[in-house]
Amino acid sequence: MADGSIWRGVIHAYRPFLQIAPIDPVTLYEGNTPLLPAPRLAQAIGFHGSLYLKYEGLNPTGSFKDRGMTAAITQAVAEGAQAVICASTGNTAASAAAYAARAGLQALVLIPAGKIALGKLAAAMAYGATVLAVEGNFDEALALVRRAVEVYPIALVNSLNPYRLEGQQTAAFEICDQLRRAPDWLCIPVGNAGNITAYWKGFRAYHQAGRIDGLPHLLGVQAEGAAPLVLGHPVDHPETIATAIRIGRPARGPEALQAVRESGGRLLAVSDAEILEAWRMLAALEGLFVEPASAASIAGLRRALAQGLIPSSEGTIVAVLTGHGLKDPEIALRTLSPPITISAEWDAFRRALEPILENPLARSERLPFPS
Numbered sequence: 128m129a130d131g132s133i134w135r136g137v138i139h140a141y142r143p144f145l146q147i148a149p150i151d152p153v154t155l156y157e158g159n160t161p162l163l164p165a166p167r168l169a170q171a172i173g174f175h176g177s178l179y180l181k182y183e184g185l186n187p188t189g190s191f192k193d194r195g196m197t198a199a200i201t202q203a204v205a206e207g208a209q210a211v212i213c214a215s216t217g218n219t220a221a222s223a224a225a226y227a228a229r230a231g232l233q234a235l236v237l238i239p240a241g242k243i244a245l246g247k248l249a250a251a252m253a254y255g256a257t258v259l260a261v262e263g264n265f266d267e268a269l270a271l272v273r274r275a276v277e278v279y280p281i282a283l284v285n286s287l288n289p290y291r292l293e294g295q296q297t298a299a300f301e302i303c304d305q306l307r308r309a310p311d312w313l314c315i316p317v318g319n320a321g322n323i324t325a326y327w328k329g330f331r332a333y334h335q336a337g338r339i340d341g342l343p344h345l346l347g348v349q350a351e352g353a354a355p356l357v358l359g360h361p362v363d364h365p366e367t368i369a370t371a372i373r374i375g376r377p378a379r380g381p382e383a384l385q386a387v388r389e390s391g392g393r394l395l396a397v398s399d400a401e402i403l404e405a406w407r408m409l410a411a412l413e414g415l416f417v418e419p420a421s422a423a424s425i426a427g428l429r430r431a432l433a434q435g436l437i438p439s440s441e442g443t444i445v446a447v448l449t450g451h452g453l454k455d456p457e458i459a460l461r462t463l464s465p466p467i468t469i470s471a472e473w474d475a476f477r478r479a480l481e482p483i484l485e486n487p488l489a490r491s492e493r494l495p496f497p498s
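Counted the way the numbering used here counts, the sequence shown spans residues 128 to 498.
It is worth saying that the hints were derived from the structure and are not from the lab.
Heads up, the beta-carbon is just placed ideally off N, CA and C, and yes, glycines get one too.
Don't take every hint at face value.
To be verified - Each pair of labels, with its calculated beta carbon distance range:
1) M252 to R477: 41 to 49 Å
2) E366 to S439: 25 to 33 Å
3) Q209 to I483: 29 to 37 Å
4) S440 to L259: 48 to 56 Å
5) Q209 to Q434: 50 to 58 Å
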């Protein structure tokens with residue numbers, strides 16, 4: 128932290144802004160993620176202002192969900208809960224399981240069978256959660272969870288839980304603290320719509336407190352196969368390679384639509400091909416390995432710039448990268464070229480090496496980072 132104190136998690140850092148029980152937080156020291164300048168990526172997508180990437184994949188369980196989960200689990204402990212439950216496409220499951228383990232609570236997670244990245248499933252199981260695979264999609268799993276908490280004394284920790292938003296808004300606080308102002312645009316993937324709602328809540332809270340002078344425009348990005356907010360109606364069978372946003376009935380849909388309207392922003396949908404191209408660009412140009420859903424923010428920004436929806440000549444844009452690439456390694460293994468196999472002999476190595484050195488990958492001129 129700038130003042131030299133030790134970082135102890137988002138509740139400790141921003142408690143005056145959070146409506147949460149005054150107990151010691153259940154924390155894994157989440158938050159304080161980097162805001163990285165991305166000049167090469169900006170050049171590649173045709174943006175001539177300052178582009179920054181908020182890399183949430185460096186949270187303890189590898190996704191932004193940890194910000195909300197520290198708040199939700201802390202409140203659950205304060206209220207005497209012994210068990211927590213959630214439906215999840217993966218990241219919420221891993222985060223809920225980890226923070227429940229930290230608090231000594233039982234965790235139950237419902238996932239859509241066969242529709243969850245293995246990295247996320249493995250994490251939830253490793254943290255000791257009881258995992259139930261539902262033969263249906265996320266929305267059907269969430270319906271079961273909502274019914275369960277009406278019958279049994281279990282705390283719901285999906286983004287319907289208001290304390291999730293209390294924690295997730297801290298990412299907006301951090302961006303403003305890191306930039307010393309609000310960005311002109313914030314680009315963010317939209318699945319269940321809790322995160323975009325939380326960011327707007329955070330920006331407004333900082334503005335009302337006099338910490339920032341203005342508010343950003345929001346660009347919410349959905350996948351074309353799971354774009355209920357863009358289409359204006361639920362999607363019964365959502366499909367996209369970006370599993371984290373494969374949701375057809377966003378629980379926070381109305382709040383997200385209101386946030387986008389209030390910000391003077393936009394919602395748009397991008398194809399899986401656009402998401403994968405942005406995913407490759409993030410890795411090849413900026414050295415950032417993210418899960419496909421994270422790349423939706425860049426795919427959406429690229430399309431918005433091309434269509435003239437966002438000015439390309441100036442301003443400051445922050446794109447949120449919601450999860451680490453190791454969350455969904457299968458995508459990399461399926462879409463990228465496999466390693467070149469050679470024998471363990473010098474001549475074989477030389478024959479493979481020389482064509483590579485003669486034809487190096489073209490790289491753009493090194494660009495200066497913003498100060």
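Status of the hints after comparison with the structure:
One distance hint, 41 to 49 Å for the beta-carbon pair M252 and R477, holds here, with the actual separation near 45 Å. For E366 and S439, the hinted distance range of 25 to 33 Å is satisfied, since their beta carbons lie about 31 Å from each other. Under the hint 29 to 37 Å, the C-beta atoms of Q209 and I483, about 58 Å apart, miss the expected range. Under the hint 48 to 56 Å, the C-beta atoms of S440 and L259, about 51 Å apart, fit the expected range.
Against the hinted window of 50 to 58 Å, the Cβ-Cβ separation of Q209 and Q434 comes to about 51 Å, which satisfies the hint.
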